[in-house]
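A.B. asks: Chains as they are written, first to last, in my numbering: chain Y, 1 to 146; chain H, 1001 to 1375; chain S, 2001 to 2367.
These are calculated hints, taken from the structure and not from any lab test.
A quick note: this is a predicted structure, and the numbers were derived from the prediction, not measured.
Wrong hints could be hidden among the right ones.
[To be verified] Here are the simulated EDC-like cross-link-like pairs (lysine to aspartate or glutamate), alpha carbons at most 16 Å apart as the crow flies:
{"id": "1", "chain 1": "H", "residue 1": "K1150", "chain 2": "S", "residue 2": "D2141"}
{"id": "2", "chain 1": "S", "residue 1": "K2174", "chain 2": "S", "residue 2": "D2141"}
{"id": "3", "chain 1": "Y", "residue 1": "K45", "chain 2": "S", "residue 2": "E2195"}
{"id": "4", "chain 1": "H", "residue 1": "K1364", "chain 2": "S", "residue 2": "E2195"}
The lines below spell out each chain.
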Amino acid sequence: MTVELSAADIAAKLSQRFPGAVLESGGATVLVESHRLLEVARFLKETPGLDFDYVTSITAVDYCHYFEVIYHLISIQHNHTLVLKTRCHTRHNPTVPSVVALWQGAELQEREIYDLMGIAFSGHPNLKRILTWEGFPGHPLRRDYL
Amino acid sequence: MILKRLLDWLAGYWPEWAAYVVVGLVGIMVLIAFFLTMIMVVIWLERKLIGRFQVRWGPNRAGPWGILQPIADAIKVLTKEDIVPDRADKWVHLLAPVVAFVPPLLIFAVIPFQPDAILADLNIGILYVVAVGSIAVVGAFMAGWGSSNKYSLISAMRVAAQMVSYEVPLVLSIIGVILVVGSLSMMDIVNRQSLPFFLMQPLGFLVFFLAAAAEVNRSPFDLLEAESEIIAGYHVEYSGMKFALFYLGEYGHALAASALVTALFLGGGKFPWGALPPSFIWFLAKMVLVFCVLFWIRSTLPRLRVDQFTGFAWKFLFPMSLINIFLVGTELWWAKEMGWSLFPWPFLFLNWAIAGMLVLVWPKLFQLGVGRVEV
Amino acid sequence: MALRTESILVNMGPHHPSTHGVFRMRFIFDGEVIVDMEPVFGYLHRGIEKLAEGRTYAQNIPFTDRLDYLSSMTNNLAYVLAVEKLAGIPVPERAEYLRVIMSELMRICNHLLAVGFLLNELGAFFTPLMYMFREREKVLDLFEMVCGQRLTYNYMRLGGVSHDIPPEFLPAAKKFVREMPGRIDEYERLLSENEILLFRTKGVGILPREQAINASASGPVLRASGVRWDIRRADPYSIYDRLDFDIPTGEVGDTYDRYMVRIKEMRQSTRILEQALEQLPGGSVCTRVPQLVRPPAGEAYGHIEAPKGELGFYLVSDGSVAPYRFKIRSPSFINLTALRDMVRGWKLADAVVIFGSIDIVLGEVDR
Chain Y
1 MTVELSAADI AAKLSQRFPG AVLESGGATV LVESHRLLEV ARFLKETPGL
51 DFDYVTSITA VDYCHYFEVI YHLISIQHNH TLVLKTRCHT RHNPTVPSVV
101 ALWQGAELQE REIYDLMGIA FSGHPNLKRI LTWEGFPGHP LRRDYL
Chain H
1001 MILKRLLDWL AGYWPEWAAY VVVGLVGIMV LIAFFLTMIM VVIWLERKLI
1051 GRFQVRWGPN RAGPWGILQP IADAIKVLTK EDIVPDRADK WVHLLAPVVA
1101 FVPPLLIFAV IPFQPDAILA DLNIGILYVV AVGSIAVVGA FMAGWGSSNK
1151 YSLISAMRVA AQMVSYEVPL VLSIIGVILV VGSLSMMDIV NRQSLPFFLM
1201 QPLGFLVFFL AAAAEVNRSP FDLLEAESEI IAGYHVEYSG MKFALFYLGE
1251 YGHALAASAL VTALFLGGGK FPWGALPPSF IWFLAKMVLV FCVLFWIRST
1301 LPRLRVDQFT GFAWKFLFPM SLINIFLVGT ELWWAKEMGW SLFPWPFLFL
1351 NWAIAGMLVL VWPKLFQLGV GRVEV
Chain S
2001 MALRTESILV NMGPHHPSTH GVFRMRFIFD GEVIVDMEPV FGYLHRGIEK
2051 LAEGRTYAQN IPFTDRLDYL SSMTNNLAYV LAVEKLAGIP VPERAEYLRV
2101 IMSELMRICN HLLAVGFLLN ELGAFFTPLM YMFREREKVL DLFEMVCGQR
2151 LTYNYMRLGG VSHDIPPEFL PAAKKFVREM PGRIDEYERL LSENEILLFR
2201 TKGVGILPRE QAINASASGP VLRASGVRWD IRRADPYSIY DRLDFDIPTG
2251 EVGDTYDRYM VRIKEMRQST RILEQALEQL PGGSVCTRVP QLVRPPAGEA
2301 YGHIEAPKGE LGFYLVSDGS VAPYRFKIRS PSFINLTALR DMVRGWKLAD
2351 AVVIFGSIDI VLGEVDR
């Protein structure tokens, strides 16, 4: 059975290492500052005992006044899971650091989010539209797209 | 035989050259009609049999047992629009189907169905077959090059690789037969086979059969038209009658190859007992049998990759054919030294033993194909 | 004289017999060797995620049928599990068993096609595929019995399944389960030791263990690379914790392993089916759920081991009758991440085979 790691414990560890990076935590979810996402993710991936080596799903939700990017992480080695979240509060050209350098599995998923939600991932090797074509107007999954 | 009588009869009334022309044309017409009918029959047979191999019915709507299916197909392709790609090399594109279709037809001129049923018993029969047979590949290359399509282009390159690789073992395996017969005439070759040559030279038979299968693009060597890779290969840009010519040519070539296997290795129209059915019936029966084996293989085996395909020719078939020549040559020399007129039985067992051993051992000695290339 | 060579760009697809739909690969070839490959997606993009935001939770079930249309049952299952998790809907035991039976039948069905098409791409001219179709047909007959459909089932419901099985289902299913191991033996006799198949697949398109994990591969692709990871075991849903089965894995992660893992998984599915059919309890098949389910505001991620890999649904609810966000984590799409690294350096013919061994359905890739 996949164990959901307590977010509070992880948040404590993270705050110790990266003060101020963790904004909220609850259940199995940790919300971090978007500009510190990459280092937090690297910490989660490389710390022994955490070893989040597998990113199951990356998705984004448009909550109208902010975007939330959600990373479902799994450690295949220890069989535990954690949900990592980050937010960007601008609607015009929101940017989140890309985690492709850590997990190759993020490559297509980040492109999909860029295409459908309009969130740019800085540091992505090949960030362009994937499901719609170049020059498609708007980003279909935003709530204000009709 | 009948033609000869016709010639004699006509020559009584007409000038001799006119009689020759008329008789020649009649012979050609008969052969073409036979050729096309035969192709239709084998197309139907193949579709039906492959249907059964694949646990389905095969054609069964047009006529009883779907027997009119090839005719329906023919009507369909005849009425289809002929499309020429805008950027194609028009003349090459136009000529390619003809070049691919004619050679198998030409091969049939020297196929000895029966001692008196052979259009032209050339004294260089087998040489002629080899020469003419390889022209069909030029047709495929022209089509591949002329269609201005990248899949066709890849196919054309495969054609070139195939022609270079497989012609060699094909010809070398025939040498074994010619050594025994001492003549290039197809009729002589058949006549000499009191014992079919596939019993005497199993290795040569194997090499010839496989190389011929490759030469006529039958699976597992159908890389030229590998549907799952390059869609239809060289004839991807053809439609209507031009496509039909390729299709017919391909089947014709396969048919010609089966006829050659029959004539060279299976004793032609000879059969151990009786002459009650005329020998051309036996010939046709054997030919269809060989053809059935070809599409039995087709419906069973996956396809080789292009490097494995050429590797198979050079690393397996080529040495095998050389060994076969060496073996047959030695045995013939030995038999001559000892003054035996007939090919002795012990040699037969020896040949089978050597062939079996080589087939089992030789493939272990090399790696087929090159695998991944660093890019 | 130095030979001047030029690489050519070939667009394979969107219309190509081996791309399983409308996928497009832009290859750069040096002769027949693949120098580079770029996948192009989106030809079958229907915006299901967006459409789903405008429909109620129950109305979205038929959409999931149209994702991976070769394994609709498991898609249904993944979605209803996610909604049940979100809304806290209980499921009767009989329904759980029926769901597992349907998913495993679906898995057999899917793997039959995956193996069949792989063989077709290897050039075996439809024969193995037709054999596989013969068995698939029987599974489709079973599905037709329970829900009247043969491709898009729409069978699962929030809180259970739509119909109980008819009386003739159990004997037919048991007969199928009895016959299936023999059929798989038949395929193995025909295929598994075929020299040409070995030549074409052994060592071809290796996806190393580390990369498989790093690239988020899932399902048979991940397991073929030697990772013992199956959500049915790792995070058991439904009643999989009560059933006894093994997780087959490969060793090197080449095309042959991916093929072999699927063959072995079919055997395991037969084992699961045997047990599930034996243990099938009585009772109702669906809890009473209101027409318009209003889950409490929140989010849930439900995932299952679909035949092609991890199929997950991430649902966000704002307390209304329609999901606020409906995200599909589709295995076909994410398994393609490593495709470029797998095919580079191989030949054109291998690319088709490696691609086939990943086993994708475009309905799920483009959504």
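A.B. asks: For the pair we were handed, K1364/H and E2195/S, check the Cα-Cα distance against 16 Å.
C.D. replies: Since the Cα atoms of K1364/H and E2195/S sit roughly 12 Å apart, the hinted pair holds (cutoff 16 Å).
A.B. asks: Sort out whether E2195/S lies within 16 Å of K45/Y, counting only the CA atoms.
C.D. replies: The given pair, whose Cα atoms are some 42 Å apart, is violated under the 16 Å limit.
A.B. asks: K2174/S and D2141/S were given as a pair; does the straight-line alpha-carbon distance stay at or below 16 Å?
C.D. replies: Answer holds: K2174/S to D2141/S is near 13 Å, not above 16 Å.
A.B. asks: Between the alpha carbons of K1150/H and D2141/S, is the straight-line distance 16 Å or under?
C.D. replies: violated (43 Å)
Checked against the numbered hints given earlier, the structure breaks hints 1, 3 and satisfies all the rest.
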